[in-house]
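Visitor: Sequence:
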Amino acid sequence: MNQHIGVSRGGKTTKLHTVVDGLGNPLAFLLTGGQVYDSVPAIDLLQKLDITGSHILGDKAYGSEAIRNWITAKQASYTIPPKTNSQNPWKVDWYRYKERHLVECFFNKIKHFRRVPTRYDKLAKSFLAFVYVAAIFKLTQ
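Per my numbering, the sequence shown runs over residues 192 to 332.
None of these hints come from the bench; they were simulated from the model.
One should not assume that every hint holds.
What the hints assert, rightly or not - Within a straight-line C-alpha distance of at most 35 Å, the following computed DSBU-like cross-link-like pairs (lysine-lysine) qualify:
#, residue 1, residue 2
1, Lys-289, Lys-203
2, Lys-313, Lys-282
3, Lys-313, Lys-206
4, Lys-206, Lys-316
5, Lys-302, Lys-206
6, Lys-251, Lys-300
7, Lys-329, Lys-251
8, Lys-302, Lys-239
9, Lys-289, Lys-206
10, Lys-313, Lys-329
11, Lys-251, Lys-313
12, Lys-251, Lys-239
13, Lys-313, Lys-300
14, Lys-265, Lys-316
Stated by the list, open to error - Listed next, with one range per pair, are the computed distances between beta-carbon atoms:
#, residue 1, residue 2, range
15, Leu-314, Asp-284, 19 to 29 Å
16, Lys-274, Gln-332, 19 to 29 Å
17, Lys-274, His-303, 11 to 21 Å
18, Gly-202, Lys-282, 37 to 47 Å
Beta carbons: idealized from backbone N, C-alpha and C, even for Gly.
Use the sequences and the hints to build the structure in full.
Guide: Rendered as structure tokens:
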């Protein structure tokens with residue numbers, strides 16, 4: 192079973208991918224190894240939700256054509272800036288993009304629990320369960 196522990200120059204790492212709503216409340220989580228590029232699990236994460244009619248905000252790592260086409264096929268819109276080396280850059284609503292900080296604020300909230308940023312858990316399901324506990328605790332405060 193894959194425990195989502197990747198190996199990089201800094202050692203063993205795990206990435207926590209999250210979708211939050213317009214208020215910064217978490218909607219879905221997904222774990223990957225630390226060496227996995229951010230755009231790889233993006234569609235798997237978004238498939239957990241009904242995004243029809245929604246507006247998706249993401250950083251440059253999520254700007255691949257496959258992700259943008261998938262979002263559009265689901266009758267949703269997106270604000271994802273193109274990478275600086277993009278061959279065909281698209282227009283971005285920078286005013287709307289400013290709201291993307293909500294996901295970073297959520298990560299800062301759950302990092303107050305030492306087990307989240309350091310991952311003491313050996314099993315992925317134990318780590319993800321504690322992420323859920325931390326998220327619920329922060330939502331009830």
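Visitor: Has the given pair, Lys-251 with Lys-313, been kept, meaning a C-alpha gap of at most 35 Å?
Guide: 31 Å, holds
Visitor: With a cut-off of 35 Å on the C-alpha distance, tell me whether Lys-302 and Lys-206 pass.
Guide: Holds. Lys-302 to Lys-206 sits at ~13 Å (cutoff 35 Å).
Visitor: Does Lys-239 lie within 35 Å of Lys-251 when you go C-alpha to C-alpha?
Guide: Holds, at roughly 21 Å.
Visitor: Next pair to validate is Lys-313 with Lys-282; report whether the Cα-Cα distance is within 35 Å.
Guide: Violated, at about 43 Å.
Visitor: Hinted pair, alpha-carbon criterion (35 Å max): Lys-313, Lys-329. Please report holds or violated.
Guide: Distance of about 24 Å is within 35 Å: holds.
Visitor: Is the Cα-Cα distance between Lys-289 and Lys-203 35 Å or less?
Guide: Given that 35 Å is the threshold and the Cα spacing comes to 32 Å, the pair holds.
Visitor: If I claimed the Cβ atoms of Gly-202 and Lys-282 lie 37 to 47 Å apart, would that claim hold in this structure?
Guide: Distance hint for Gly-202, Lys-282 holds at roughly 40 Å.
Visitor: If you draw a straight line from the CA of Lys-206 to the CA of Lys-316, is it 35 Å or shorter?
Guide: Distance ~14 Å between Lys-206 and Lys-316 Cα, so the pair holds.
Visitor: Has the given pair, Lys-313 with Lys-300, been kept, meaning a C-alpha gap of at most 35 Å?
Guide: 23 Å, holds
Visitor: Between the alpha carbons of Lys-313 and Lys-206, is the straight-line distance 35 Å or under?
Guide: Answer holds: Lys-313 to Lys-206 is near 14 Å, not above 35 Å.
Visitor: Keeping to a limit of 35 Å between CA atoms, is the pair of Lys-265 and Lys-316 held or broken?
Guide: Holds: Lys-265 and Lys-316 sit about 29 Å apart, inside 35 Å.
Visitor: Per the hint of 19 to 29 Å, is the separation of the Cβ atoms of Lys-274 and Gln-332 within bounds?
Guide: Violated, since Lys-274 and Gln-332 (Cβ atoms, about 37 Å apart) do not stay within the stated range.
Hints 2, 15, 16 and 17 from the earlier list are contradicted by this structure; the remaining hints agree with it.
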